[in-house]
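Place chains B and C on chain A using the hints.
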Amino acid sequence: MTDSLRNFTENISLVTLFDFVGTLAFAISGIRLASAKRFDLFGAYVVGVTTAIGGGTMRDLLLGHSPFWMSNAFYLVCSAIALVWVIVFRKLLVRQQNTWFLFDTIGLALFTVTGIEKTLTAGFPFWTAIIMGTMTGAGGGVLRDVFINEVPLIFRKEIYALACVIGGLTYFLCLNLDCSNVVCGVVCGVVVLAARVLAVKYHLQLPVLKGED
Amino acid sequence: MTDSLRNFTENISLVTLFDFVGTLAFAISGIRLASAKRFDLFGAYVVGVTTAIGGGTMRDLLLGHSPFWMSNAFYLVCSAIALVWVIVFRKLLVRQQNTWFLFDTIGLALFTVTGIEKTLTAGFPFWTAIIMGTMTGAGGGVLRDVFINEVPLIFRKEIYALACVIGGLTYFLCLNLDCSNVVCGVVCGVVVLAARVLAVKYHLQLPVLKGED
Amino acid sequence: MTDSLRNFTENISLVTLFDFVGTLAFAISGIRLASAKRFDLFGAYVVGVTTAIGGGTMRDLLLGHSPFWMSNAFYLVCSAIALVWVIVFRKLLVRQQNTWFLFDTIGLALFTVTGIEKTLTAGFPFWTAIIMGTMTGAGGGVLRDVFINEVPLIFRKEIYALACVIGGLTYFLCLNLDCSNVVCGVVCGVVVLAARVLAVKYHLQLPVLKGED
Numbered sequence: 001m002t003d004s005l006r007n008f009t010e011n012i013s014l015v016t017l018f019d020f021v022g023t024l025a026f027a028i029s030g031i032r033l034a035s036a037k038r039f040d041l042f043g044a045y046v047v048g049v050t051t052a053i054g055g056g057t058m059r060d061l062l063l064g065h066s067p068f069w070m071s072n073a074f075y076l077v078c079s080a081i082a083l084v085w086v087i088v089f090r091k092l093l094v095r096q097q098n099t100w101f102l103f104d105t106i107g108l109a110l111f112t113v114t115g116i117e118k119t120l121t122a123g124f125p126f127w128t129a130i131i132m133g134t135m136t137g138a139g140g141g142v143l144r145d146v147f148i149n150e151v152p153l154i155f156r157k158e159i160y161a162l163a164c165v166i167g168g169l170t171y172f173l174c175l176n177l178d179c180s181n182v183v184c185g186v187v188c189g190v191v192v193l194a195a196r197v198l199a200v201k202y203h204l205q206l207p208v209l210k211g212e213d
Numbered sequence: 214m215t216d217s218l219r220n221f222t223e224n225i226s227l228v229t230l231f232d233f234v235g236t237l238a239f240a241i242s243g244i245r246l247a248s249a250k251r252f253d254l255f256g257a258y259v260v261g262v263t264t265a266i267g268g269g270t271m272r273d274l275l276l277g278h279s280p281f282w283m284s285n286a287f288y289l290v291c292s293a294i295a296l297v298w299v300i301v302f303r304k305l306l307v308r309q310q311n312t313w314f315l316f317d318t319i320g321l322a323l324f325t326v327t328g329i330e331k332t333l334t335a336g337f338p339f340w341t342a343i344i345m346g347t348m349t350g351a352g353g354g355v356l357r358d359v360f361i362n363e364v365p366l367i368f369r370k371e372i373y374a375l376a377c378v379i380g381g382l383t384y385f386l387c388l389n390l391d392c393s394n395v396v397c398g399v400v401c402g403v404v405v406l407a408a409r410v411l412a413v414k415y416h417l418q419l420p421v422l423k424g425e426d
Numbered sequence: 427m428t429d430s431l432r433n434f435t436e437n438i439s440l441v442t443l444f445d446f447v448g449t450l451a452f453a454i455s456g457i458r459l460a461s462a463k464r465f466d467l468f469g470a471y472v473v474g475v476t477t478a479i480g481g482g483t484m485r486d487l488l489l490g491h492s493p494f495w496m497s498n499a500f501y502l503v504c505s506a507i508a509l510v511w512v513i514v515f516r517k518l519l520v521r522q523q524n525t526w527f528l529f530d531t532i533g534l535a536l537f538t539v540t541g542i543e544k545t546l547t548a549g550f551p552f553w554t555a556i557i558m559g560t561m562t563g564a565g566g567g568v569l570r571d572v573f574i575n576e577v578p579l580i581f582r583k584e585i586y587a588l589a590c591v592i593g594g595l596t597y598f599l600c601l602n603l604d605c606s607n608v609v610c611g612v613v614c615g616v617v618v619l620a621a622r623v624l625a626v627k628y629h630l631q632l633p634v635l636k637g638e639d
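Residue numbers (my numbering), protein chains in the order written: chain A, 1 to 213; chain B, 214 to 426; chain C, 427 to 639.
Excised from the complex, chain A in its bound form (with noise of 0.2 Å):
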């Protein structure tokens, strides 16, 4: 095996695993609230596929693409995956919180270098890319949050889907300085996990808009 090639295969694997760590926590967190709300086993599992792939569809329907999870199981499994752990490790989720946390914000960032990607290349402007990217990343939690009637989340508190945005920016300012897609896909994604480690840590808000008394 020569060395790109071996680099090749080095990092389709990453990108899977990533892939499978990230939908793995989109999936949890979604039956975790649906739970919660009290939803029966399948309520939570079509949240928790929701979750994971709510983000995605949305921008397929966007760019007209006939959604990714149509002829790939794999997001399904993993769902299905993600409700197993769910009842075996019930009261030990709380103390993986960290965990999951990162492995959310590892599928945030992927989920958004992705919908860049498959933006550009359906021949967009980058703005429609960011917009995307952002979807692809926040999209299903919204859908999550609509579906166990919330407020949606990402709307009111921490710095999350701004995250996205952030790390698109970093995206298209790496293109314009001539960085092959691997290297604006990482830079992206690094920033996009480090923008959203470094709010929750020093919990990093947006101020809200004063009412109008």
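In short, the hints are calculated from the structure, not lab data. Heads up, some of the hints might be wrong.
Chain A regions said to be covered by chain B (calculated; three or more residues, Cβ under 8 Å) [unchecked claim]:
| # | segment |
| --- | --- |
| 1 | 33-39 |
| 2 | 44-55 |
| 3 | 82-94 |
| 4 | 161-168 |
| 5 | 195-207 |
It should be emphasised that the depicted structure is a prediction, and the values quoted were computed from it without experimental measurement. Just so it is clear, CB atoms sit at the ideal spot from N, CA and C, and this is done for glycine as well.
This is chains B and C only, laid out in the frame that chain A set:
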């Protein structure tokens, strides 16, 4: 008229009849819930239409098809009839409960079969077809509950969408036993109907995930 | 410049002006409601954008088109201006109420006409065009209310979406009287505007369905 032609014509009219009573029942469920929330006539009609056509619309969008109701006024007319029915027979609806439950279940069964067949025709794998069948049957009710700002009922109570999943699995069992499409469809529909009726009769419910303390 | 070219240019700029003030007014309505729910700046912007472009996006998805805003930054920039406006003129918004009501209604009228024309061009029947016009005008407000977790306002109060339906019927009356597209569009827009203004002035409401005891 030959026997096979007569059979064909009767099948068509039976499917149309089922489509009619199913659409009527779905629309009525939306209109009643909207009225309970004090929606005006227009709002009640929109919620009724959404309940009736929402699932199939999601399916068609995901499959990349033009939504079925956009070139066929049948479903909007059915929903208008449903609105008139609710206004005229307002006080009798409770007494008609069993009839509407039956019609609703016929709709659920038919829409599930339609969703499965459209998805298979489009060339997707069988598990995607089961998801699409379930979405066609149960998706309108989810949109209805989002519009009236309630947690979707099917995620919390009774076996509803799961009946579609069980029916879908039967469809593929039959397909693998080399049954014709018509046989697969009929068996699937009967299973959905039976599963739903038994679930309500014996109060069968899926377990709720235990909380995390 | 010939007369007809001048007319054309003036029409274009008038439509652009209406598009601008309409988008602005739609976005401001979303931003204000989001602020009242204590959304942060990012959340308020997303709700503003959704209110402004949500209806047209649903229309384009149903028609199988690429959503209009994905290759034209105009609408995102308008929504950003709306956000700045709400921040800067926060205390004056109540006093500007009548102006924003007018702009909102201009937007409603223009978006209805756009929806109708796009749907007819795509070859769908006139009743589908009326639905699409109504969805283009009123759909963004429904998405806005789902995001802020309220029962959609247009289903309960005042004549809003019904103004679009009435305008749409007028459009087809004109079309059947052999009027040009421009005349149909102008008459439809004026009727939407008039219906909405009269409805608010005289507190016209549709009846609410009586409960079932």
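Going through the hints against the structure:
Coverage of a stretch by a chain is defined here by at least three residues with a beta carbon nearer than 8 Å to that chain's beta carbons; for the segment 33-39 of chain A and chain B the count is 6, and the condition holds. Coverage of a stretch by a chain is defined here by at least three residues with a beta carbon nearer than 8 Å to that chain's beta carbons; for the segment 44-55 of chain A and chain B the count is 3, and the condition holds. For the segment 82-94 of chain A, the proposed coverage by chain B is satisfied: 6 residues have a C-beta within less than 8 Å of a C-beta in that chain, meeting the threshold of three. Residues of the segment 161-168 of chain A lying with their CB closer than 8 Å to a CB of chain B number 0, which falls below the three-residue condition for coverage.
Remark: the segment 195-207 of chain A is not confirmed as covered by chain B, as 0 of its residues place a Cβ nearer than 8 Å to a Cβ of that chain, below the required three.
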